[in-house]
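> Sequence:
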Amino acid sequence: MSTIPMKSEVETLRSGSVSGGPLERGNAVIFRGDGEPQSADLLLGRLAEIQSESGLSPDNYSLGGSVADLENHFAAALGKESAIYMPTGTLANHLAIRALCGGKPRAIVQEQSHLYHDCGDCVTQLSGINLVPLAKGECCFTLEELKDAVTESTSGRVLSSIGAVMIESPVRRQMGQVVSFQEMKAMTEYCRDQVIGTHLDGARLYMMSAASGISPREYSALFDTVYVSLYKYFGAPYGAILAGDSQLIEGMFHTRRMFGGGLASSYFAAGLALKGTKGFEERFGEAMRQGRDLVQRLNTLAGLEIKEFEHGSNIFPLTFASGVDTEIVLENLRRNQVFLYPDEGTDRISRLTVNTTILRQANDEIFEAFEAALRAA
1 MSTIPMKSEV
11 ETLRSGSVSG
21 GPLERGNAVI
31 FRGDGEPQSA
41 DLLLGRLAEI
51 QSESGLSPDN
61 YSLGGSVADL
71 ENHFAAALGK
81 ESAIYMPTGT
91 LANHLAIRAL
101 CGGKPRAIVQ
111 EQSHLYHDCG
121 DCVTQLSGIN
131 LVPLAKGECC
141 FTLEELKDAV
151 TESTSGRVLS
161 SIGAVMIESP
171 VRRQMGQVVS
181 FQEMKAMTEY
191 CRDQVIGTHL
201 DGARLYMMSA
211 ASGISPREYS
221 ALFDTVYVSL
231 YKYFGAPYGA
241 ILAGDSQLIE
251 GMFHTRRMFG
261 GGLASSYFAA
271 GLALKGTKGF
281 EERFGEAMRQ
291 GRDLVQRLNT
301 LAGLEIKEFE
311 HGSNIFPLTF
321 ASGVDTEIVL
331 ENLRRNQVFL
341 YPDEGTDRIS
351 RLTVNTTILR
361 QANDEIFEAF
371 EAALRAA
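Using the numbering used here, the first residue of the sequence shown is number 1, and each one after it goes up by one.
Bear in mind the hints are in silico, worked out from the structure with no lab data behind them. Careful: at least some of the hints might be erroneous.
Just the calculated beta-carbon pair ranges, DEER-fashion [to be verified]:
no.	residue 1	residue 2	range
1	S54	A264	14 to 24 Å
2	G285	A48	25 to 35 Å
3	S155	R46	49 to 59 Å
4	H117	L63	30 to 40 Å
5	E286	R192	34 to 44 Å
6	D121	G323	40 to 50 Å
7	E53	A221	28 to 38 Å
8	A376	G55	43 to 53 Å
9	A372	E49	36 to 46 Å
10	E331	A362	17 to 27 Å
11	L63	G323	54 to 64 Å
12	D41	A264	17 to 27 Å
13	D364	G128	53 to 63 Å
Note that the Cβ used here is the ideal one computed from N, Cα and C, for glycine as well.
Whenever a hint applies, use it, and build me the whole structure from the sequences.
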């Protein structure tokens, strides 16, 4: 069995093309990534539309203008008093924990979290806060594990208080599995009783909401602060939003600038993100319904198996039978404008990721494409 060598995710999806065909429009269904491909032409065209329809308002070092419009939108959508634009999710998570700890030396995170594994120990190196990782190799820790960690941290010969608890959900390293709402509720209530701040790394919050049927606002209400990505699925080239109480957020632009995050101009990215929010929840909810129906139908075909996590989001584990030539499968799918990809850096195909591009074709068409591809393989 072999697979077609693929471009990297960044090269393929940002270029907006594969095998000479544009991916950002038409009927191309791309089972990869949380959002739709964004080419330079598409972004520039969308900016022109925004300027023509409602106008773009310049900011001043990420203050005011379209940036403020975006902040106000998310503060209202998430039910928080205030919100601040950040250039990256790394900085949003970092500054949330820094603010919530308020001088306390430790914060609890999942061992599988992006902040623990992929951010260069920034919270420790730059803010002197030690991260306590729990639940190695698992989606999340339990309430009992959280209580034990808090007790252990505060019962040593030198008091080392926990200032914040962060929960990432969906968990990228666990194929988008989510922490159940009831578990989140129990853990955040415990933290409130213990006067420990809580932060939701909700980069993919809107994926989780569409999968669970629980609104972003309901998730947000459990936590003191919430981070949402702007580029993963809202169509911005970069950026993040951090929302919370006014006392935490309103003066944070000083800290943002101290860490080099007060970009001189952010209104293009903010305008694109704000446009991308319009109707997104409805579209993604429809995409998830179509995706789940497609998974059920594809499982009637010989040669592949697609599963669904008990607490999953938009990623479905996919396995091809050992005798299936996946190179032929991928090539035949492409001919029908259906694109499936190996995992980054490997030739193994382990997942089917649903995004709003699934709405470009009816499930009958996508099913027939898979059926023909498997028959050919």
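> All hints are to be evaluated individually against the structure, with a verdict given for each.
Going down the list of hints, with the structure as the test:
The hint said 14 to 24 Å for the Cβ distance between S54 and A264, and at roughly 23 Å that hint holds. For G285 paired with A48, a C-beta distance near 29 Å keeps the hint of 25 to 35 Å intact. Taking 49 to 59 Å as the suggested C-beta distance range, the pair S155 and R46 conforms, at roughly 55 Å. Distance hint check for H117 and L63: the Cβ-Cβ separation is about 32 Å, which falls inside the suggested range of 30 to 40 Å.
Checked against the hint of 34 to 44 Å, the pair E286 and R192 passes, with Cβ atoms roughly 36 Å apart. Checked against the hint of 40 to 50 Å, the C-beta distance between D121 and G323 comes to roughly 46 Å, which is consistent with it. Separated by about 32 Å at the C-beta atoms, E53 and A221 satisfy the suggested range of 28 to 38 Å. A C-beta distance of roughly 51 Å is found between A376 and G55, which places it inside the suggested range of 43 to 53 Å.
At roughly 37 Å, the beta-carbon separation of A372 and E49 lies within the given 36 to 46 Å, and the hint holds. Separated by about 22 Å at the C-beta atoms, E331 and A362 satisfy the suggested range of 17 to 27 Å. The beta-carbon spacing between L63 and G323, approximately 60 Å, falls within the hinted interval of 54 to 64 Å. The beta-carbon spacing between D41 and A264, approximately 25 Å, falls within the hinted interval of 17 to 27 Å.
Range check, D364 to G128: about 58 Å between beta-carbon atoms, so the 53 to 63 Å window is met.
Checked against the numbered hints listed earlier, the structure breaks none of them; every hint is satisfied.
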